[in-house]
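Participant: The lines below spell out each chain.
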Amino acid sequence: MNRFFQNPGEKIIEALITISGTVTSLTVLLIVFFLFKEGLGIFSQTPVAEGSVIAVHPQNPVKELSAKEVKEIFDQEITNWNQVGGANAPIKIFALDDITDYYTEEQIGANFEYLPQRINEIVAKDPNILAYFPDEYLSKDFSGRRLKLAKITVLGFITGTQWYPTIEPAVQMGVLSLILGTLLVSFGAILFALPLGLATSIYLAEIASPKLRGILKPVIELLAGIPSVVYGFFGLVVIVPLIQDIFGLPVGETALAGSLVLGIMALPTIISVSEDALRTTPRAMKEASLALGASKWQTIYKVMIPYSISGISTAAILGIGRAIGETMAVLMVTGNASVIPTTFLEPVRTIPATIAAELGEAPQGGIHYQALFALGCILFLMTLAINLTVDMVSAKKKENR
Amino acid sequence: MALQSNTHTQAGKRRAQAAAFWIFRLLSFLVVAILVVILGFIVVRGISVISWDFLTQMPREGMTEGGIFPAIVGTFCLVLGSMLFAFPIGILSGIYINEYAKDSWFKRFVKLMTNNLAGIPSIVFGLFGMALFVNYFKFGDSILAGSLTLGLLALPVVIRVTEEALKSIDDSFRIGSLALGATKWQTTSRVVLPMAFPNIITGLILSIGRVSGETAPILFTVAAYFLPKLPNSIFDQVMALPYHLYVISTSGTNIEASRAMAYGTAFVLIMIILIVNLLANWLRRYFSKKVKMN
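Here the protein sequences come in this chain order: A and B.
The first sequence stops at residue 401 when you use our numbering, and every number in between is there.
The second sequence stops at residue 1294 when you use our numbering, and every number in between is there.
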C-alpha cells in the first residue's frame, strides 16, 4: 500500500503496458468481427440486382428461382417454364426496353407517368411472362407476383463457378474460379521459388565463404523490402511482354506472369527461413558424418536436410502464405479474368486482386460489398489455416529435440 | 582391388560434390542476378527522370507531366501517422509480453493474436480499415483512417522487434538490478530498455520501410487518384507514392505518356527502401561500437 503512494506513476505505466498488450488481441478480434459481420450478411441476401423487381403472372406455379436459373433464362438457355418447375409453356421475357412493343409513347406518358400501370397490365395479361424492371415503376396495385430468388447459400457461394457481381437481373456470386485462381498462382510461385530458394539457402549456409555470404545475405534481404507494387510494375513492363513474345499469346497477363512475380517475392522468406533451419543442425551431427568418411555434399543431403526438414517445410508453407495474400503485384500482372483456370498461360483472377479491383465500385452495404467481405473472410481463413500449420510444424520440431 | 574401388568411389563422391556445389552456386547467383536485374532496370530507367522539379512539383496534364511532390508528402504523412500509433502501443506490448506477463493463458493468447495479426494479408487490413475507420467511425477517406490502418499493419512487426530485442538481454542484469532494490519498472526502464535500444530502433526503422511501400491497405482508406494539392488536415485525402505508381502504370489517362513518371516513382520508392536499410545498418553498427567502448 505504502509502495503505491510512493510510485503512482509506476502503477500507471504498468497499467498502460498491460493495456497495450491487450490492444493487439482486441484488434485481431475486431478485424474478425467486422469481416464476418459484413461477410456473412451475404447469406441473408437474395441475389437480385439492386433496386429491381422480377415478377411473374399471379397464377404461375413457380415460386422461387435461383440466381443461376434467372441468368440462364435471360441468356435463353432455359426457354420453357417446365425446366424450372412450372407449366409446359415457353418463357416470355419482358424487360423495360420492350415496352415500346406493347404501347405507344402517348400511352406510356411523356414522363413515364403511366409506366407502372402499363407494366401491371402486361404482367396481368400474359400467364407465361417473366418481367424484369426497376422497382420505381412498380405500381401500387401491382397484380403480378414478385418472384423470390433463392438466398445465396454457403455451398453455392463456394462451389459456384460464375463471378458476375454486377450483372442484371440476378448477380452471380460463385467464387470457385477465384479460389482456384489464387491456388494456381500460389502453387506456381512455390514450384518456381522453392528449388531456387532451397539451393540458395544451402549455398549460403554451407558452401559460400563467410565474406561472400556477408555480401549476398543483405542483398537478398533487400529483395524482401522492395514494395510489391514495384514488383508488379516490373512484371508489367518486363515479364508480361516477355511471356507474350515467347509463347506467342494474345495477352501476356497470365497466371504464369503472376507465379513468376510472386515466386521472386517469396524467395527471401524461403531463403532466410530454410537457412536458419539448416543452421540449427547440431555440429556434432555434421562432424560425425564427416568423420565417417561422408563428403560434405553427402552430409548436406543425408544429414542436414533430413534434420531440418520441418524448418524447410515451414519455409515452403510461409512462402505459400505470402503468395496467397499478395495483392498488388498479382492485380497488375495476371489479367484478372474470372474463369476457371486450366493452364498457366491464361489470365486468372485471385481473391485479393478481386477485392482490390472491385471494392472501390461496390456501394457500401450492398450485396457486392458484402460478397467482397465474404471473400476477405475466405482469405483470412486460408491464411489462418496456413499459420496454424506453421505453428504445428514448428511445435513438432521442438518436441523432437 | 578393394583399395582401387575405394579410390574410385572417392573420386565419384568428389565429382558429385563438385557438381552439386556448382549447381547451388549457379542457382544462388541466379537469385542475386534477378534482384540486380530488377533494381538495375528501375534505377537505369528511373534516374534520368529524377530532377529537382520532378521531386518538388505537382503532377500536370493528367499525370503525364510535372512531378510527384504531393505523393511524397502524402507518403510522409502516412508513415508519420502510422508510426505515432504503432510505436507506443507496439513497444509497450513488447515490454508487456517479455517483461511483465506471467506464463498464463493470457500471455499465450496475446502472443497467438500477435502472430495472427502478422499473418493477415494486407488487403484484409484494407477491408477492415474501410469498414471500421472510414465507414463506422465516419473518418472518410483520410490521413487519419489510412494511418490507423497502416499502423495496425506495422503493429505486429514493432511488437516482435521489441520482444526479440528484450529477449536477448541476459537475465543477470535484471536480477542484479532487482537485487539492488530497484523496482520492476526502474529495472525495465533504466537497465533493460537502454541495452535493448539499438536493436529496437533498428527494427523500427525497418518497419518504416515496410509501411512506406504498402499499397493494398491505403486503396480504400486514404489514397487519392489525382490530387495536385497538399493536405490541410488529417481528414484530407492524399496521394501516396505506391498507389501513384499503381495508378500511372495501370489506369492513367495515357499510360504510355506516363511511363517516364512511373519509372521515376518506382525509383524514388526503391531509394526510400535503400536509404532506410542503410540507415538501419549504420545505426546497428554505430550502437554496437558504442556499447563496446563502454
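Derived from the structure by calculation, the hints contain no laboratory data.
Wrong hints could be hidden among the right ones.
Okay, the calculated beta carbon distance ranges per label pair [what the hints assert, rightly or not]:
id, chain 1, residue 1, chain 2, residue 2, range
1, A, PRO210, B, ALA1016, 38 to 48 angstroms
2, A, ALA284, B, GLU1164, 38 to 48 angstroms
3, B, ASN1232, A, PRO210, 48 to 58 angstroms
4, A, LYS151, B, ALA1257, 17 to 27 angstroms
5, B, TYR1136, A, LYS125, 24 to 34 angstroms
6, B, ALA1019, A, ARG213, 17 to 27 angstroms
7, A, PRO363, B, ASP1170, 54 to 64 angstroms
8, A, SER44, B, ASP1170, 49 to 59 angstroms
9, A, GLU287, B, ALA1016, 18 to 28 angstroms
10, A, VAL339, B, SER1189, 42 to 52 angstroms
11, A, SER209, B, LEU1274, 37 to 47 angstroms
12, B, LYS1102, A, PRO241, 55 to 65 angstroms
13, A, GLU287, B, LYS1289, 18 to 28 angstroms
14, A, GLY248, B, THR1009, 27 to 37 angstroms
Think of the CB as a built atom: it goes at the ideal place given N, C-alpha and C, for glycine as much as any other residue.
Participant: Each hint needs a verdict: does it hold in this structure or not?
Facilitator: Comparing the hints with the structure gives:
1. A:PRO210 / B:ALA1016: 38 to 48 angstroms: 25 angstroms, violated
2. A:ALA284 / B:GLU1164: 38 to 48 angstroms: 27 angstroms, violated
3. B:ASN1232 / A:PRO210: 48 to 58 angstroms: 54 angstroms, holds
4. A:LYS151 / B:ALA1257: 17 to 27 angstroms: 48 angstroms, violated
5. B:TYR1136 / A:LYS125: 24 to 34 angstroms: 48 angstroms Cβ-Cβ, so the 24 to 34 angstroms window is violated.
6. B:ALA1019 / A:ARG213: 17 to 27 angstroms: 21 angstroms, holds
7. A:PRO363 / B:ASP1170: 54 to 64 angstroms: 58 angstroms, holds
8. A:SER44 / B:ASP1170: 49 to 59 angstroms: 57 angstroms, holds
9. A:GLU287 / B:ALA1016: 18 to 28 angstroms: 21 angstroms, holds
10. A:VAL339 / B:SER1189: 42 to 52 angstroms: 59 angstroms, violated
11. A:SER209 / B:LEU1274: 37 to 47 angstroms: With Cβ atoms ~25 angstroms apart, the hint is violated.
12. B:LYS1102 / A:PRO241: 55 to 65 angstroms: Hint holds: Cβ distance 59 angstroms, inside 55 to 65 angstroms.
13. A:GLU287 / B:LYS1289: 18 to 28 angstroms: 35 angstroms, violated
14. A:GLY248 / B:THR1009: 27 to 37 angstroms: Once the Cβ atoms are compared, 49 angstroms apart, the range 27 to 37 angstroms for THR1009 of chain B and GLY248 of chain A is violated.
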